[in-house]
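K.L.:
Can you make the complete structure from the sequences, with help from the hints?
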Amino acid sequence: EVYSIAVERITAYLRESFNYYPTFKEFGLRWVKIAKYDPHLYSLLFLQTGAKRCKNGLLTEDFQDVYTDIKTSIVDTFGISSDEAEELFDVMSAYAQGLASMFALGYDIMKEEEFDSLVTKLVLSYVAGCKIRTDSLDLKMAKEMLSSKGKTPVLKSEA
Numbered sequence: 001e002v003y004s005i006a007v008e009r010i011t012a013y014l015r016e017s018f019n020y021y022p023t024f025k026e027f028g029l030r031w032v033k034i035a036k037y038d039p040h041l042y043s044l045l046f047l048q049t050g051a052k053r054c055k056n057g058l059l060t061e062d063f064q065d066v067y068t069d070i071k072t073s074i075v076d077t078f079g080i081s082s083d084e085a086e087e088l089f090d091v092m093s094a095y096a097q098g099l100a101s102m103f104a105l106g107y108d109i110m111k112e113e114e115f116d117s118l119v120t121k122l123v124l125s126y127v128a129g130c131k132i133r134t135d136s137l138d139l140k141m142a143k144e145m146l147s148s149k150g151k152t153p154v155l156k157s158e159a
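Residue numbering for the sequence shown follows our numbering, starting at 1 and increasing by one per position.
For the record, the hints were derived by calculation from the structure and aren't laboratory data. Note that CB positions come from ideal geometry on N, CA and C, so glycine has one too. Check the hints yourself; a few may be wrong.
[To be verified] In silico BS3-like pairs for lysine-lysine, Cα to Cα no more than 30 angstroms straight-line:
#, residue 1, residue 2
1, Lys131, Lys36
2, Lys33, Lys121
3, Lys131, Lys156
4, Lys71, Lys33
5, Lys121, Lys71
6, Lys111, Lys121
7, Lys71, Lys156
8, Lys121, Lys131
9, Lys33, Lys111
10, Lys131, Lys71
[Claimed, not checked] Pair ranges (Cβ atoms, derived):
#, residue 1, residue 2, range
11, Leu47, Ile132, 33 to 43 angstroms
12, Tyr13, Arg133, 28 to 38 angstroms
13, Gly106, Asp135, 41 to 51 angstroms
14, Leu47, Asp135, 24 to 34 angstroms
15, Gly129, Ile5, 34 to 44 angstroms
16, Asp135, Ser43, 41 to 51 angstroms
17, Ile132, Ser82, 15 to 25 angstroms
18, Ser43, Gly129, 26 to 36 angstroms
19, Tyr107, Ile132, 32 to 42 angstroms
P.N.:
Here it is in structure tokens:
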């Protein structure tokens, strides 16, 4: 079935995010790139009338194993709770879904570098809020992300 093959292809592509640091950022960038560079595949999975309902953020039940691993990566990377990681994923997936939908529909709304920079700012804002609420603000990750000045994530073997 075409749908099953598409799910396998996207799952493999998204799983490659785990080779990069920060994984969550790479995951979001890849999500938008699917729509930008393969809009028909993206539309098949997420923009068709009657498409499967999303279970977590922008992911349907077909991608739950990836979701679970990304959530764990968020907790490990940012030192936030599992609930906070789930909320961060939901917020960022709504943002990524909006951009991805625009790209899939043919609107070239921004360059990849601009999206990368915006993702950094949004993630850091959310994580800082979590840390402030729990009195556990550690600026190490924020400094690392900000120092990239919009650069894309790097392979963990090169970090």
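K.L.:
Decide, hint by hint, whether the structure agrees.
P.N.:
Taking the hints in turn, this is what the structure says about them:
no.: 1; hint: Lys131 - Lys36; result: violated (34 angstroms)
no.: 2; hint: Lys33 - Lys121; result: holds (19 angstroms)
no.: 3; hint: Lys131 - Lys156; result: holds (25 angstroms)
no.: 4; hint: Lys71 - Lys33; result: holds (20 angstroms)
no.: 5; hint: Lys121 - Lys71; result: holds (19 angstroms)
no.: 6; hint: Lys111 - Lys121; result: holds (16 angstroms)
no.: 7; hint: Lys71 - Lys156; result: holds (18 angstroms)
no.: 8; hint: Lys121 - Lys131; result: holds (15 angstroms)
no.: 9; hint: Lys33 - Lys111; result: holds (11 angstroms)
no.: 10; hint: Lys131 - Lys71; result: holds (17 angstroms)
no.: 11; hint: Leu47 - Ile132: 33 to 43 angstroms; result: holds (37 angstroms)
no.: 12; hint: Tyr13 - Arg133: 28 to 38 angstroms; result: holds (34 angstroms)
no.: 13; hint: Gly106 - Asp135: 41 to 51 angstroms; result: holds (47 angstroms)
no.: 14; hint: Leu47 - Asp135: 24 to 34 angstroms; result: violated (42 angstroms)
no.: 15; hint: Gly129 - Ile5: 34 to 44 angstroms; result: holds (40 angstroms)
no.: 16; hint: Asp135 - Ser43: 41 to 51 angstroms; result: holds (45 angstroms)
no.: 17; hint: Ile132 - Ser82: 15 to 25 angstroms; result: holds (19 angstroms)
no.: 18; hint: Ser43 - Gly129: 26 to 36 angstroms; result: holds (34 angstroms)
no.: 19; hint: Tyr107 - Ile132: 32 to 42 angstroms; result: holds (36 angstroms)
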